[in-house]
Amino acid sequence: MGVAASRLGGLDGVRLARPVVRTAQGLVGGIAFCALWQLLADRHFVLAVYFPTATTTLRSSFFLLGHRDFWVAIRDTLHAMLEGLAISILIAVPAGVAVGRSDHVYRITRTVIELLRPISAVALAPLAILVFKTGIKPTIFLVVWTSVWPILVNTIYGMRDLDPVAYDTARSFGFGRLAILFRVALPNAASYVVTGVRIAISIALAVAIAGEIVAGGGQGIGGWIGKESASGSLVPVYAAAVIVGAIGYLINRLLELVEQRALHWHESLRTEHGR
Amino acid sequence: MTHRVAGIALRSLESLILVVVLVGLWQWYTAAHHPLYFTPPGDIWRTIREHWLSGQPSKLRTAVEPSLRRVLLGWLIAAVVGVAVGVAIGATRWLAPYVDPLVHFLRSLPPPAILPVFLVLFGIGDRMKIIFIAFGIVWPILLNTIRGVRSVPVLQLETGRVFGVGPLRRLFQIVLPAAAPQIFAGLRIALSLALVLMVISEMVAASGGIGFEILQGQAAFDFPGMWAGIVVVGVVGLLLNGVLSLVEGRVLGWHRGARAAAQ
Numbered sequence: 003m004g005v006a007a008s009r010l011g012g013l014d015g016v017r018l019a020r021p022v023v024r025t026a027q028g029l030v031g032g033i034a035f036c037a038l039w040q041l042l043a044d045r046h047f048v049l050a051v052y053f054p055t056a057t058t059t060l061r062s063s064f065f066l067l068g069h070r071d072f073w074v075a076i077r078d079t080l081h082a083m084l085e086g087l088a089i090s091i092l093i094a095v096p097a098g099v100a101v102g103r104s105d106h107v108y109r110i111t112r113t114v115i116e117l118l119r120p121i122s123a124v125a126l127a128p129l130a131i132l133v134f135k136t137g138i139k140p141t142i143f144l145v146v147w148t149s150v151w152p153i154l155v156n157t158i159y160g161m162r163d164l165d166p167v168a169y170d171t172a173r174s175f176g177f178g179r180l181a182i183l184f185r186v187a188l189p190n191a192a193s194y195v196v197t198g199v200r201i202a203i204s205i206a207l208a209v210a211i212a213g214e215i216v217a218g219g220g221q222g223i224g225g226w227i228g229k230e231s232a233s234g235s236l237v238p239v240y241a242a243a244v245i246v247g248a249i250g251y252l253i254n255r256l257l258e259l260v261e262q263r264a265l266h267w268h269e270s271l272r273t274e275h276g277r
Numbered sequence: 004m005t006h007r008v009a010g011i012a013l014r015s016l017e018s019l020i021l022v023v024v025l026v027g028l029w030q031w032y033t034a035a036h037h038p039l040y041f042t043p044p045g046d047i048w049r050t051i052r053e054h055w056l057s058g059q060p061s062k063l064r065t066a067v068e069p070s071l072r073r074v075l076l077g078w079l080i081a082a083v084v085g086v087a088v089g090v091a092i093g094a095t096r097w098l099a100p101y102v103d104p105l106v107h108f109l110r111s112l113p114p115p116a117i118l119p120v121f122l123v124l125f126g127i128g129d130r131m132k133i134i135f136i137a138f139g140i141v142w143p144i145l146l147n148t149i150r151g152v153r154s155v156p157v158l159q160l161e162t163g164r165v166f167g168v169g170p171l172r173r174l175f176q177i178v179l180p181a182a183a184p185q186i187f188a189g190l191r192i193a194l195s196l197a198l199v200l201m202v203i204s205e206m207v208a209a210s211g212g213i214g215f216e217i218l219q220g221q222a223a224f225d226f227p228g229m230w231a232g233i234v235v236v237g238v239v240g241l242l243l244n245g246v247l248s249l250v251e252g253r254v255l256g257w258h259r260g261a262r263a264a265a266q
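Note that the protein sequences, when read in sequence, are chains A and B. So the number in the working numbering is just where the residue sits in the first sequence, counting from 1, plus 2. So the number in the working numbering is just where the residue sits in the second sequence, counting from 1, plus 3.
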């Protein structure tokens, strides 16, 4: 339905104005939310330092943008998250291709994957501290553990979902095994890989911060929030949450755009495998 | 016949062989080299048997039960709220451009970043953990429900209206069944996130639970205890996922069949 609407709307100047209108409408929704928040907080059901108004929070967020410590914390968290994701992709994509290519390997590895995947990352935090000591490494390990599974499973799906007709056609045109892998199987799996990465990223930021709270030794956003909330006022925590939420929002939106632009030709984009 | 039996036996052997080999390697390596932090599987199993499955009181009662209660209650609250609000937002089509960015923003907010808020507002007890889990995981359910409801073909809704189907029956017999696959995808993401939030809330606000046991094991250099907790978290996750898959299969079984027949 959305596709049909945008095609109809693309005839004249309507198309240019649409993003502007959309943004304005989104802003209206955001302002309405903040107004509601302001009203609730102004009634003082709880102490103002525990539940500050929207204006106090946003003003505090604005001031935070000028704090060097805060930016260092954000840099550390994003560093852990991105390095963890990069390692996950380097592990999970080749592994997924190897597993997905062969029925035998798939059956042999399936149980191990199904057994390891539900172990939630934070449960491994105490072990990560023991093995990787302090600093950024335990957090990176937790991000890797979380991200590897969705990317791996989606890559395997993508490799196994290959259309037999496409495979046979390529073979009858005399393509070798490597050529089929690179020109038929991998392009087919690409959209699944991207979906896996997007699911991984949507959880990676939360796990990175969780890791910093439990195992980060005071580093990153998790460490920064721990220090600030110990001071007795929660205003900096709310203020930081607004900024971190905005960063997460931008990352998610950017990925959706990349997914739509790069793989618009692929029909599987319409469905999402939640695994 | 014997071929088929042999085939099934071979397949189940295939699916288990790697697990057996890996556990065997782990046992052999840890028994031979005694690495400090890695406990042999045999010792982990003994700890689970002696402290988790039996003992007075067993940790099945003192740790697993509270953890399960928190995860299930948090997840159920999030599911009810997420689906109800999601249907309302999804069905009100003019509302979409106003609400979508806000929901996406709230979904992007990493729950651990606001854990201190929940600690201060709701204390360190069960109530805090349940509310924290529910708040943290409601967004993927909400988002997927909105998407699912919006993807219901207009033609189906109009047909229902033309044939005089009331709004409530339209909701339960047209909208929800059509949105079910998306809703289940959201519920599944929410479940794995719920386990993460359960463990972290139990580690930060120490008052019992599997997460508390894992951290306690590490702090007390009781590494078999730590490993036992990790294994139990995995088993709990596996069981919950399995139950959800069963329900999903039941609910969506007709769906796949109908789709396949229509193609």
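Because the hints were derived from the structure by calculation, they are not lab data. Please note: incorrect hints may appear among the correct ones.
[As the list claims (entries may be wrong)] Which chain B residues stay away from chain A? Per the calculated CB distances, all over 10 Å, these:
1) Gly163
2) Gly169
3) Arg173
[Unchecked claim] Okay, the calculated beta carbon distance ranges per label pair:
4) A:Arg255 / B:Ser210: 21 to 29 Å
5) B:Leu98 / A:Leu256: 22 to 30 Å
6) B:Ala99 / A:Thr171: 49 to 57 Å
7) B:Ser210 / A:Ala19: 52 to 60 Å
8) B:Trp257 / A:Arg20: 33 to 41 Å
[Claimed, not checked] Where chain A lies over chain B, by a calculated footprint (3+ residues, C-beta under 8 Å):
9) 10-24
10) 74-80
11) 97-103
12) 106-114
13) 217-223
Note that the coordinates shown come from a computational prediction; the quantities given were computed from them, not determined experimentally. Glycine included, each C-beta is placed from N, C-alpha and C at the ideal position.
Review point. Looking at the structure, which of the earlier hints fail to hold?
Key: 4, 6, 10
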